[in-house]
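**Q** These are the residues of each chain, in order.
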Amino acid sequence: MAATPSRAAILSQRGICMAEIMSLREAVSAFITDGATVAMEGFTHLIPFAAGHEVIRQRRRDLTLIRMTPDVIYDQLIGAGCARRLIFSWGGNPGVGSLHRLRDAVERGWPQPLALQEHSHAGLASAYVAGAEHLPFAVLRGYAGSDLPKYNPDIRFIRCPFTDEELAAVRAVQPDVTVIHAQKADRKGNVLLWGILGVQKEAALAARHTIVTVEEIVDDLGAWPNAALLPAWIVSAVCEVPGGAHPSYAQGYYERNNRFYQAWDAIARDRETFQAWLQRHVLETADFAEFSRVLRETQAAADGEGTEAL
Amino acid sequence: MTTPEQSQGYTASEMMTITAARLLKNGMSCFVGIGLPSLAANLARLTHAPDLALIYESGPIGAKPRTLPLSIGDGELAETADTIVATPEIFRYWLQGGHIDVGFLGAAQIDRFGNINTTVIGAYDQPKVRLPGAGGAPEIAGSARQVFLMLRQSARAFVPTLDFITSVGYLDGGDARQRLGLTGAGPVAIITDLCVLEPEPPSHEFVVASIHPGVTREQIVVATGWPIRFAAAVRATEPPTEAELRTLRDLQRRTQAAHGEAHGGGEG
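Chains A and B, in that order, give the protein sequences.
This note's numbering applies: residue 1 is where the first sequence begins, and numbers increase by one.
This note's numbering applies: residue 1 is where the second sequence begins, and numbers increase by one.
There's no promise every hint is true.
Derived DMTMM-like pairs: lysine to aspartate or glutamate, alpha-carbon spacing no greater than 20 Å straight-line [what the hints assert, rightly or not]:
#	chain 1	residue 1	chain 2	residue 2
1	B	Lys128	A	Glu284
2	A	Lys150	B	Asp163
3	A	Lys150	B	Asp172
4	B	Lys128	A	Glu107
Hints listed in this document are in silico derivations from the structure and should not be mistaken for laboratory results.
Can you make the complete structure from the sequences, with help from the hints?
**A** Spelled out as structure tokens, the structure:
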């Protein structure tokens, strides 16, 4: 009989090591490769915008992107040509309307065609749970009567072995890399997150690697342990990026920049306007701090002109 | 297009919201979609139903927002909630677990059996219009004890055949829903800016049950894409009270001041 492997051995076999504190540029470069399956999660709250921008800056291609609610950050990644496939359950600009870059890719194949795999929230949340559990699928009472299973082969129906009830099964999602943003990490890389929790813990546990950007790295998290989200040994990289969820919000740090979400509609509607925005704010900036500075400048200029163009 | 009923001192949208709010009873648990449902549910909470438990799919349970959220996961919802749970938990433990009395949904398109399309106009693989998709609606429509739908009435939205069924009402009518084995009863009311529609047994086709003040049958017929039928005894919707209107307008004023713009609809 082989000895039971240690936690460290198991983790290293799964390609997981203790959290390393590094720059976001290093983390994206080390863990996100062309063609990878990447989940960036955060349900309206704590959306990892800084990390998304870094993926665009490093010009990653052919990514399969997973996210329950692809909002403006995925609109930017799709418009920048980083994605060839999207697994999602609701794709819109929250409170505003359409994601024009997503629609342009789906409706007209620009800048390249985007394959969709589409779930309901309950279905995709459950698929993350199965991923975290290392089960091949999750079972739920869902999708009955919906046309979604006709177009998504990863939704099937099975019979309960005990009651014979027909139930939906969804294939597990297991990203190569999950990226989340949180409020705090300590110096070992233990991660604390509060407010709207979303599906971050499940997405992190389902992934081979997890990158966490945080508002600040502190000596002591100063919270009950049940408030902390991820122990350091399941996190690959922790990157300190203050404001890294902007224009979404970080509870206790800053509010959602609703004005940006509203302005995005006009920026993203037109290919040239979008490309000019992306060039100036993301591709020509070195990092998120410089992005924030440029955004403040364009916002101030827009205020001067009385326009909404950011 | 409906016009504000200026002479009546309130708009068709206000009548719709107030009518929808009245259907929510104090003490119920309500899974709330963003946009119009969120507006009506919060109006109910601020008027006759202070103990209405509002549940948003982003995780807040018992949210009591002072202003309406712009997105389904605004900080305001988190700060005012009784508790916040993770997304898998809200769907698997709370909704599927049978703790939701009313699922309150909006829709881009519906048909005469209360089925909902929020996915595509046109063919799925080559859509004319790509809509945001399902969000939480398929399982809310399936598992909430009952469902209210709320949307503005027009022939574009009330269509004879849906291009895509995202979330199910009574499917093709009769006992089709029952045969799917869904635990919830399905949609019991569609509240519009013109009227309230209710499913008529045994076909479960939606028929006009109550007409808002000042609205004609002709207007309803024109604003419906299928040959709409009227219940044998159509009721007259009670006009808004002063208190309902005042509370609704205060809420919208507070929301406008907080967000700077008119309140939109969307998840996130």
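**Q** Please work out if Lys128 (chain B) and Glu284 (chain A) have their alpha carbons no farther apart than 20 Å.
**A** violated (35 Å)
**Q** Is the hinted pair Lys150 (chain A) and Asp172 (chain B) satisfied, with a Cα-Cα distance of at most 20 Å?
**A** holds (17 Å)
**Q** Is it true that the CA of Lys128 (chain B) sits at most 20 Å from the CA of Glu107 (chain A)?
**A** It holds: about 7 Å lies between the C-alpha atoms, which stays within 20 Å.
**Q** Against the 20 Å threshold, does the CA-CA distance of Lys150 (chain A) and Asp163 (chain B) hold or violate the hint?
**A** Satisfied, since the Cα-Cα distance of roughly 13 Å is no more than 20 Å.
Violation of the numbered hints given earlier is confined to hint 1; every other hint is satisfied by the structure.
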